[in-house]
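The opening residue of the sequence shown carries number 542 in the working numbering; numbering runs sequentially from there.
No wet-lab data here; the hints were simulated from the structure.
Keep in mind that this is a model prediction, so the values were computed, not measured.
Be aware that a few hints might be false.
[Stated by the list, open to error] Straight-line C-alpha distance at most 30 Å; calculated DSS-like pairs for lysine-lysine:
#1 K602 to K784
#2 K661 to K713
#3 K611 to K661
#4 K751 to K632
#5 K606 to K713
#6 K713 to K611
#7 K713 to K602
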Amino acid sequence: MNNLSLRYNFACFSAMFLWAFGFPAAEVLLESWGSLTLVFFRFFITILILIPFWLFMEGVKIIQKAPIYKSIIIGFIGWGLGANLLIVGQKLSDPVTTAICAAMMPIFGAIVELIYDRRKMSFNILIGISLALVGGYLATGVQFSDGQFGLGAIICIMAVILFAWGTRASTKGLSNLTYLGQSALTMTGGTIASLVFCLVSLIFGLSETKVGNFDYYHIILLLIFVLVSQTISQTIWIFGSGKLGVLLASLHSNGLPFYVMLIIRFFFGGSWNWMQALGAFIVGLGVIVAQIRK
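All chains should be built: construct the whole structure from the sequences, respecting the hints.
As C-alpha cells, then:
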C-alpha cells in the first residue's frame, strides 16, 4: 500500500471504530426510546450539523449546483431505508442474526462493483474477501446455529445490500460533490425516510415511536450516538470509501463487532474475547491481501 492507500484505509477503519461507539450507547437508549424515533433523531440532528457546516466550508452558492433531488433519493433508499430495515429486521429476528447478516457486507460490496463498475475479481481480492468473511464471522462471537433465519434475516440482508449500494451511489453517483456535500445531502434523504417510517408507525398505531429520557446521562449517550457514531463516522466513511471503492471499504466493516467488544471492555468493564480479537486480525489481513498489487 502507498501512503494515500494507508490514508483512505485508516479513514475507513476510523469510521467503523467511531460507528462502534453507537452500539453500547443505543443499548441503553433503547430502554426508554422507541427504535424508529431514535433513528429519526439520529438523522435529523446529523443534518442540522452537517448542512450548515457544509455551506459554511464551501459557500452558500454551492447549493445551486448540487444535485439535491438525486442526493436525497440516494440517501432515502441507501441510508434511510437501510437503517430502518435493519431495525425492523432485528426486531423480527435477534441481534445474532443481524450480526451474521451484517458480516456479509463484503459480498454485497463485491456484487455492487461487479454490476456497476465491471470490477475484475483478482485472486488477491477473492482471498481478501474470504478472509474478511471468516474474520467477520469470528468477530461477531456468535454461532450460525444461534440465528433465526426467517423474514427478519431477509430484511436484514436487504438492509446490508442497501448500505453497499448507498456507499457506491453516494460516492460515485455524486462525484461532483465533495465528501462533505455527499454526506450532508444523502443524510437529508435518510432523515426523510426515517420520518416516513415514524409517521407510518404512528398512523397504524405501531410501537417504536416513543421519545425517551432526556436527563444528563442520556444526553451524553445521545451525543455519542449521534455526533460520534453517525455525523463524524459517516462523513469519514464517505471520504474513505469514495477513494477505496465500496468493495475494499466494506472489508473494514467486518471488524466492527471487535471494536464494540473493545469499547465495552475498556469503557464499561466488559470481558475480553480472544476469538473476536482473532476475527479482527483476520479481517485486517484480508484488507491487506485484497490490496496487494502484483
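Tested hints:
Pair hint K602 plus K784 holds up; C-alpha atoms about 26 Å apart against a cutoff of 30 Å. Only pairs whose Cα atoms come within 30 Å are accepted, and K661 paired with K713 is accepted, the gap being roughly 18 Å. Taking the CA atoms of K611 and K661, the gap is near 28 Å; set against the 30 Å cutoff, the hint holds. In summary, the hint linking K751 to K632 is supported, as the alpha carbons are separated by about 16 Å, within the 30 Å threshold.
This hinted pair checks out: K606 and K713 have alpha carbons roughly 17 Å apart, not beyond 30 Å. Only pairs whose Cα atoms come within 30 Å are accepted, and K713 paired with K611 is accepted, the gap being roughly 12 Å. Between K713 and K602 the alpha-carbon distance is near 22 Å, which keeps this suggested pair within the 30 Å criterion.
Checked against the numbered hints above, the structure violates none of them.
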